[in-house]
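Using the hints, position chain B against chain A.
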Amino acid sequence: MRIPIETFRLPNGLFVTLSEDHTAPIVAVNLWYHVGSANERAGRTGFAHLFEHMLFQGSAHVGANEHFELIQRAGGTLNGSTWLERTNYFETVPSNQLALALWLEADRMGALLPAMTQQKLDTQRDVVKNERRWSVDNQPYGTWWERLPALAFPPEHPFHHSLIGSMEDLTEASLEDVATFFATYYTPDNAVLSIAGDFDPAETRALVERYFGPIPAGGGTPPLPDMTLPPTFGQWRREVVPDSVMVPRLFLAFRAPVFGSDEYYAASVLGAVLGMGKGSRLQRRLVRERQVASEASAFTFDLAKGADLLVVDVTARPEVPPDVLEGEVAQEIDAVWRDGVTPVDVERAVALIETGFTSSMQSAGERADKLSMFATYFGDPGLVNVQTERYRAVTADQVSAFARARLGPDNRASLLFVPRVPEGAEAELAGAATEGQ
Amino acid sequence: MSTTMRPAAAPPRPYHFPAFERVTIPGGLRVVVAPVHKLPVVTVMLVTSAGSSAEPEGKDGVANLTARALLEGTSRRDGNELAERFERLGGALVAGADWDSATVATTVLSSRLREAVALLGEVVLEPAFPEREVERLRAERLADLLQLRTEPRGLANEMFARFTYSPASRYARPEDGGEESVSALGRADVEAFHRERYRPDAATLVFVGDVSVADATSIAREVFGTWRGSAPSAPIPDATPAHTAPATHIVRKEEAPQSELRIGHPGLPRSHPDYFKVLVMNSVLGGLFSSRINLNLREQHAYTYGAFSGFEWRRGAGPFVVSTAVRSDVTADAAREVLMEIERMRADAISADELTLATSYLDGVFPIKYETTEAIARALAAMVVYELPDDYFDRYRERIRAVTTMDVLHAASRYLHPEIMQLVVVGDPAAVRAPLEALAVGPVHVYDADGRPIAG
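Note that the protein sequences, when read in sequence, are chains A and B.
Per the working numbering, the first sequence runs over residues 1 to 437.
Per the working numbering, the second sequence runs over residues 1 to 456.
Since the hints were made in silico from the structure, they are not lab data.
These figures come from a predicted structure and were not determined experimentally.
Glycine is no exception: its CB is placed at the ideal position from the N, C-alpha and C atoms.
One or more hints might be untrue.
Said to hold, decoys possible - Distance windows between CB atoms, simulated:
#	chain 1	residue 1	chain 2	residue 2	range
1	A	344	B	312	41 to 51 Å
2	A	404	B	306	38 to 48 Å
3	A	175	B	255	30 to 40 Å
4	A	166	B	96	35 to 45 Å
5	A	397	B	19	44 to 54 Å
6	B	401	A	393	50 to 60 Å
7	B	333	A	404	54 to 64 Å
Claimed, not checked - Residues from chain A that keep clear of chain B, each with C-beta distances beyond 10 Å, as calculated:
#	residue
8	10
9	99
10	166
11	230
12	232
13	302
14	304
15	409
16	414
Just chain A, same shape as in the assembly (with noise of 0.2 Å):
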C-alpha cells in the first residue's frame, strides 16, 4: 500500500503535504504546530494545552466557540490535541466544504490574538481544571500519565514535567502568556499543514496560498535544550503509589531509542511481541497460564527526541498483592532479556502492526496525521509509505539484541499502583490482631 503525496513551501515557510483519493466526498485538513508540553516555561505546566483550549475561542473573524459550530453545520467532525511534542487541531468534513476548514485554520494562525479576552481565559482554566479532575484527579490510576514522565525523566527535562499542568500552574497563567505563546509558537513557519482525501489540487494549492500566503512568517521552530540522555536510567527506579484503587496496577517503563530510529522499530516489535493481542508474551504467561493479572498491555512512547519510554501496563487479579505482581512481570522480562525472542514472535508482533496501520489508513484523517507527524518530526511526509517495510525488516535478533540490552535491571522504572488502606480500617486489623493474641 502506498499513498501518493505531494509536497510544497509556502514563501512564509508553511510546509504543505496533499494526498487524494476520491473513494468519499470527504476530505481532512489537519495541522500540526511543533509544539508540546516541552516548551513550557518552569511554572507554566500545562500552558500548551491550555493554549489548544483557547484556538476554539475565536480569532479576528470567528466568535468564540464558532469554529466547531461553523464545522458540525458543514456536516464535519473536529478536535485538537496536545502531546509532549507537539500540538494538532483536524477536520474532516464533506470535501466541498474544505475552503471553509482551511479558511478557519488560517484565521486562528494568522489573528488569534485581537480575539483573546481575559473572561475566555477563565472560563477555558475553568474547564482544563475539570478535565484534570476528570482524567487525573478523580480517576482510578489516574495520576499514572504524570508520575510517569516525572520518574522517567530527569528534573529540569523538558519531559519530566505534567502535560495536563498543576492547578497552581493553571492558575498562574495569563493573557500576556498567550500572546508570548501564539508569537514565539504558532508562526507558519513552525507548522504543517497536511490535506488527505476528495480535493482538487490545483485549487487547493490555490486556496492553501490564499488563506495562509498573507500570514508573515515567525522565527522558525525554537530550540529546546539539549534533550539527550544515557541509554539507559543506570538503575531499578521505583515509586509505590497508595491510591483510591481495588486492586494492584504496575506500569514499568524501559527507556528506549527516539521514535522514528533504527532501533526505535525493534523496541515497538518487542512492545507488540509482548502486550499486544492475546498471544502476546505476557497475556499468554501472566493473564492466561498463571492467572495473576486481568490485563496487559505494553506501548511506546513515540518521542522523537531525547529517548522514548517502552511501558508495560499490566493489571492484578484481586487475590494478587502488589509484590507478588510486580515478581510475576519480573519474570516474565528477565526471560525476554535473557533468552530473547523467537522469529513466530516477531512474525506474530509484525502481522499485527503492519493489519493495524494498513486498517488505521483507510480513514481521511488517519492519513493526514500520519503525513503532518512525520513532516514534522523528519522533514519527510513519504516516510508514511515506508513503514510497513521497515517493520517487516526486523529481525528476532535485532528484537533480541535490543532486549538484552534495554530491558535490564539497570533500564526500569516502576510506578506501582497498590490499594490505599483507610484508615479506619487498619485501626480494625490492629484490632482484629489485639484479640487475637
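Positioned in the frame of chain A, the structure of chain B alone reads:
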C-alpha cells in the same frame, strides 16, 4: 482583504453508502457482502441474537461470558494456539455481547481472508469451552465489578440503570452481569447458552472490504455450509421505570473532587417511528459540542469539561440520559441547569438555526462515519439486529433533512419526562447533599458504592 470573507460551500459531490448484497446459504445462515476496494483489507463479522436480553432467568452475564469463551479453545486447538494462529494472520479476533446481539469479528489483509474465516468458523461452530478458561473469564468479570467501586464513571452508569428501571427489568442490572449472578455461572451454562442461541437462522455473516460477493459467498459456504439448527426468538426486555416520581440518588465517594452526574429516565426502543425526530431533538439538546447543554455547562458556566445527552438505542426502551462530571461544589447548580434545558426544550420550538445546525451536521457527517470497513460492518450488523430496511442507509440523509422544528418540539414534549426524572450523583455527600436537598428533585437517598442505602 479577501481572506476576511468566509468561503461559501461548493456544490456537494454525490455519496452512496456502499452497495451490499444478501445471500442465504444452505442451513439458513444469512450472508451480507459489501465490496469496498479502497485498501487491501476485509472486516468479517458474525452477528447473532445472543445478547444479554436473550439470557435465561437468573443467568445474567452468560451472554458475554459465552462470547468471550468462544476464543478460549476449540475441538482442534487450545486458546493459546488459537490466538497465535489468528495473530500470525495479522488479525485480532474480537468477541463480545451487548444487549441485543453477540459478535465475533476480525479485520485482516484480504490475502489472508480465507484462512481467517476458517478459524472464525471453528470458534463459533466447535468451541471447547475449557473449564479452566471459563472459570478464569468469570473471575476476570468479578474483578471488573470489584474495580467499578472506585471508578466513578462506570459506577454512575450502573447506578443510574439500577435507579431508573424497575427491579424486574433486565435493564436495571449490569449488561455483563452483577456479582451474585456471575458468581454462580459455570461451564454448563455457557455450553447451554451456546447450544440454544448460536444457530444459523439467528445469525448473519457480514463481509466488508476488498472481496467480491462470489468469493465471500463461497468462503461462507465452505466454512458454515453444514451449520444447522434454529434458535428461539429473543425476548425484548420490559422497560418499566423504577419510580413514578422524580428522585435524587447520591452514591457515596468520599472527598471526590468531582461529581459524576446522570439525569434521565427510560427512553424509546430502536424501532420507534419517531427515531429521526428524536435524534435531531437530542442533537440540539445535548448531542453535539454546540448543543444547549454543553454550551451552558461548559462554555457559559465552566462547571465541566463536557456535558452530553443521548438516547441509548436497544430493541427495548434503553435509557435517555444526560451525563457529565462537575466540580463538587456546583453539583446542584449543574443539575438545575440541565433540568432547565430539558424544560426549555419541551416548552418552546427551537430556532431554525438550531434545527439546521443539527440536521446539516447529521446529514453531512454521514459519509465520514463510514470510512472504514469496520464501521461499515458494524452498521450492516445493526441493520440486521434492528431489522432496518435494506434502503435504510440510502434514505437516512433525506429522513434527517425532513425533520422540522415542530417535529422537534413534539419529540421533546412527548419523549422527555421530567415527571419521572432520576438524578444520580456519584460524589461526596458532605459536599453535595444539602444543595441537592434544596434543589428538591424528589426525595434524596444516599447509598454506598454497592448501592446499599446508608444514612449519609
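Okay, the hints, checked on the actual structure:
1. For the hinted restraint 41 to 51 Å between residue 344 of chain A and residue 312 of chain B, the CB-CB distance of approximately 43 Å keeps it satisfied.
2. Judged by the Cβ atoms, the range 38 to 48 Å given for residue 404 of chain A and residue 306 of chain B holds: they are separated by roughly 46 Å.
3. For residue 175 of chain A paired with residue 255 of chain B, a C-beta distance near 34 Å keeps the hint of 30 to 40 Å intact.
4. Between residue 166 of chain A and residue 96 of chain B the C-beta distance comes to about 39 Å, which sits within the given range of 35 to 45 Å.
5. Here the CB-CB span from residue 397 of chain A to residue 19 of chain B is close to 48 Å, well matched to the stated 44 to 54 Å.
6. A C-beta distance of roughly 51 Å is found between residue 401 of chain B and residue 393 of chain A, which places it inside the suggested range of 50 to 60 Å.
7. One distance hint, 54 to 64 Å for the beta-carbon pair residue 333 of chain B and residue 404 of chain A, holds here, with the actual separation near 59 Å.
8. Every C-beta of chain B lies more than 10 Å from that of residue 10 of chain A, the closest at about 14 Å, which supports listing it as non-interface.
9. Look at residue 99 of chain A: its CB is around 4 Å from the nearest CB on chain B, not clear of 10 Å, so calling it non-interface is violated.
10. Non-interface status of residue 166 of chain A relative to chain B is upheld: no Cβ of that chain comes within 10 Å, the nearest being about 14 Å off.
11. The claim that residue 230 of chain A lies off the interface holds: its Cβ sits roughly 35 Å from the closest Cβ of chain B, which is beyond the 10 Å cut-off.
12. Even its closest Cβ contact with chain B, about 30 Å, leaves residue 232 of chain A beyond 10 Å, as expected for a residue assigned away from the interface.
13. Listed as a non-interface residue, residue 302 of chain A keeps its Cβ farther than 10 Å from every Cβ of chain B; the least gap is roughly 21 Å.
14. Listed as a non-interface residue, residue 304 of chain A keeps its Cβ farther than 10 Å from every Cβ of chain B; the least gap is roughly 26 Å.
15. Chain B leaves residue 409 of chain A outside its interface by the beta-carbon criterion, the shortest separation being 28 Å against a cut-off of 10 Å.
16. Remark: the non-interface label on residue 414 of chain A is consistent with the geometry, its nearest Cβ contact in chain B lying 21 Å away (cut-off 10 Å).
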